[in-house]
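2 protein chains.
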Amino acid sequence: MYPTVYLNGQYLPKEKATLNVADLSILRGFGIFDYFRYADGNPRFIEDHLDRFFSSAKLLDLEMPVSREELRTTVHELIKRNGEEEGGIRFVLTGGYSPDGYTPTTPNLVAMAYPFKGPSAEQYERGMAIHLHHYERQLPKVKSIDYLEGIRIQPLLKAKGADYALYVDREYNVRESDRSNFMIVREGILITPVESILHGITRLHLLRLARQLGISVDERAVSVNELKQADEAIICSSIKGAMAITTVDEVLIGNGKPGPVTRRIMEAWDGYCASN
Amino acid sequence: MYPTVYLNGQYLPKEKATLNVADLSILRGFGIFDYFRYADGNPRFIEDHLDRFFSSAKLLDLEMPVSREELRTTVHELIKRNGEEEGGIRFVLTGGYSPDGYTPTTPNLVAMAYPFKGPSAEQYERGMAIHLHHYERQLPKVKSIDYLEGIRIQPLLKAKGADYALYVDREYNVRESDRSNFMIVREGILITPVESILHGITRLHLLRLARQLGISVDERAVSVNELKQADEAIICSSIKGAMAITTVDEVLIGNGKPGPVTRRIMEAWDGYCASN
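Heads up: the protein sequence lines correspond to chains A and B, in order. Mapping of the first sequence onto our numbering: residues 1 to 276, in sequence order. Mapping of the second sequence onto our numbering: residues 1 to 276, in sequence order.
Careful, some of the hints might be misleading.
Treat identical chains as interchangeable: a pair holds within one or across any two.
[Unchecked claim] When the alpha-carbon atoms are kept at most 27 Å apart in a straight line, the in silico BS3-like pairs for lysine-lysine are as follows:
(1) K257 x K117
(2) K58 x K160
(3) K58 x K158
Because the hints were derived from the structure by calculation, they are not lab data.
Starting from the given sequences, assemble the full structure and let the hints guide the process.
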């Protein structure tokens, strides 16, 4: 974490950025967050992230203690005070110091800045190994802090040699990963789920980029079988941008290397981000 | 909260009992807890609660930073330092200050004491109104801090005039409430779910008490229809002991008043707790 943290209107040294143990995030896991990168001092897709953060708060009936304008200003101030050109910003909004330990009250708002470390060139070239895991996120459209299952299964993924899990629902459709969305390519068309997922900002912009590149996009459910038989598959997030999925539970996707559509999108992504 | 809090080996004034915003409970809702009452300075069923707390930690691969003996001593010390004869104790164990914001590390351990305020005599006499809600807790056997859905639906319960929700699974069986278990009485037999629920310590002891009173007990799934047609129904937790459920989504249970088996259990509970 970078040295200066924003907490409820104050900029504090990170060591002093603390919440009392009465906070509902600590007692009840009740809170939301958002995360985005910044480069050359400019936050990436900040308006989309502000939209989503305010939307998550509304869906959980948490009252945002600052206006959108104030929060945008906070982001720029936090970047400035930390003095680094590159990084990631995380907002967290919690249920606050509830007198009864259950009912949300005035939320606590935190904004933290982190050094940014993305995947290596070798990882982009190799592609990611996926393990399919039966799980449905609760309140999928809310970017809540609930990562109980995602974190719990990390040792399992390691044991299986997988980089990430993709969550499979009770209809055997593949929805998303713990911190990423996913897409497949089939006969040149980019296909990605749209229902019951967290609407990733990177997902949104990758779809825009694809359309700009003349790639057809289809937003609809993707079954496990369809994923395993796809020509190409992509996992995407703010941290990784687009990466190829090259194996799914040891089944090779395509020829087990990043495919042509994935490569076109990966290669165009940094330019797209820089000009948007 | 009572004035003194235990945090990672220290007894602190509650205002100073804080966790850094890097803690995984705040960032990722990753943690477990337990709660029990104490009366006349004696913690109730403490060995059962220690069993469950250590079991929850193990299921999430969190390393308990103290031994069972040390934690038991902490409970007695916390009660003594707060100087009150009656109250409730909450343990919280979090994923700790994770360097990558995702992988659990050395946990933070908190123990807090609270004044105890149970339901009123009038509430015990009236019984509780229940709203059935479709939801399945993730990792039901772990007493995790995940109360996202339980808290989210509180305004809905209020709007419906319900005191508590009972969660209905995809097979239309009723599993549990957000912070309580439940039981029904049918032809004199006490029936309560046993699979895919949090095993409440109050549930455990109410079943023992019932057997002592000569009431037959059957631990098995209970469907929505069976609940609605039950002679009696009970909601139970450390805070409330046993309370009658008198309506379920506006359907009266029995004659809409606490029934004879429920009353026998309610009346014997305090004596059972005092002598166990």
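Status of the hints after comparison with the structure:
Taking the shortest alpha-carbon separations for K257 and K117, only the intra-copy value of 23 Å comes in at or below 27 Å, while the best inter-copy value is 62 Å. In this assembly of identical chains, K58 and K160 lie within 27 Å of each other by CA distance solely across copies; the values are 21 Å between and 38 Å within a copy. Proximity of K58 and K158 under a CA criterion of 27 Å is satisfied inter-copy only: 18 Å between copies versus 36 Å inside one chain copy.
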